[in-house]
Each structure stands twice: as C-alpha cells, then as structure tokens.
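Asker: From just these sequences and the hints, can you work out the full model?
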Amino acid sequence: MRTKCRKDQTCVVLITTRSHATAIVRVMDPLRRLTLAQKVDLARQLRLNPTPAERHAWSLLRHRSLLGLKFRRQQVLHGFIVDFYCSTERLVIELEGDVHEANDRRGYDVARAACLEAAGYRRERGPGG
1 MRTKCRKDQT CVVLITTRSH ATAIVRVMDP LRRLTLAQKV DLARQLRLNP TPAERHAWSL
61 LRHRSLLGLK FRRQQVLHGF IVDFYCSTER LVIELEGDVH EANDRRGYDV ARAACLEAAG
121 YRRERGPGG
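Residues in the sequence shown are numbered consecutively from 1, following our numbering.
Wrong hints could be hidden among the right ones.
[To be verified] Restraint-style ranges between C-beta atoms, simulated for each label pair: (1) G68 <-> G107: 35 to 45 Å; (2) R55 <-> R125: 17 to 27 Å; (3) H56 <-> R33: 14 to 24 Å.
It is worth saying that the hints were derived from the structure and are not from the lab. In this text, a Cβ means the ideal position worked out from N, Cα and C, and glycines have one as well.
Answerer: Following this line, the structure appears as structure tokens:
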C-alpha cells in the first residue's frame, strides 16, 4: 500500500489486492472544513469528556509513567485528532472503539493511518470499547 498526503488533508491510497489489481481510493478528512482553532477546540472537548478506555489509558501514560516518555492526549496532527501522541518517539496510540466499527469509517481509518505513517509517525492500535 502506498500513500500520498497533500496539504489540503486529502489522501490518495493505492491498495493492491490479492489479485494484484490496484484500486485508487480517495478519502477526504471529515474535519477538513474546520479551521485549526476549531480542531484544537474539538480536541479540548474530547479531553474533557474521555471514554472509560481513554481515561484508563491516560492514567497509565500520564506523568511519564511509561518508560519516561511524555504523552499528550487528543493531539491534532496533520489535521487529524489522535488519542495519544509521544513527540520524542513520533508514536501515535489509537484506541479503537465502537465508532471505528462502521463500514464507512473503515476506509477513512485506513487512509488516516496511511497518511500518518507516510508523515513518519508510528501508529499503535489498541482496543477501546
């Protein structure tokens, strides 16, 4: 799978299927119409109302508890809001909850992950439901 990300937050993902046919999937970021200030405000609201899984994960990650690494929660990266981010390791931790189970959301999540990986971030996923 190859990905190209543009400044306008569109991602073109080239996916090679098992039959070696290539399909081009173009996925737009649903947050693309929001300004950076609006995205930061949305991230702030998400920090104030975490899911139980995010609350538990944050209790384990905060105060440099994990290998002395500093994590931020609900951080805006390349127009996306990620659950947890460590800037020194360029590590993104995503908790996959019920929101990510919908079929229309899966394509967005694949493109989002590909964009973040193309930008040089390592991405780890965990259960969040």
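Asker: Now tell me, hint by hint, if it's right for this structure.
Answerer: Taking the hints in turn, this is what the structure says about them:
1. G68 <-> G107: 35 to 45 Å: 37 Å, holds
2. R55 <-> R125: 17 to 27 Å: For R125 against R55, whose Cβ atoms are near 18 Å apart, the range 17 to 27 Å holds.
3. H56 <-> R33: 14 to 24 Å: 33 Å, violated
In summary, the one numbered hint that this structure violates is 3.
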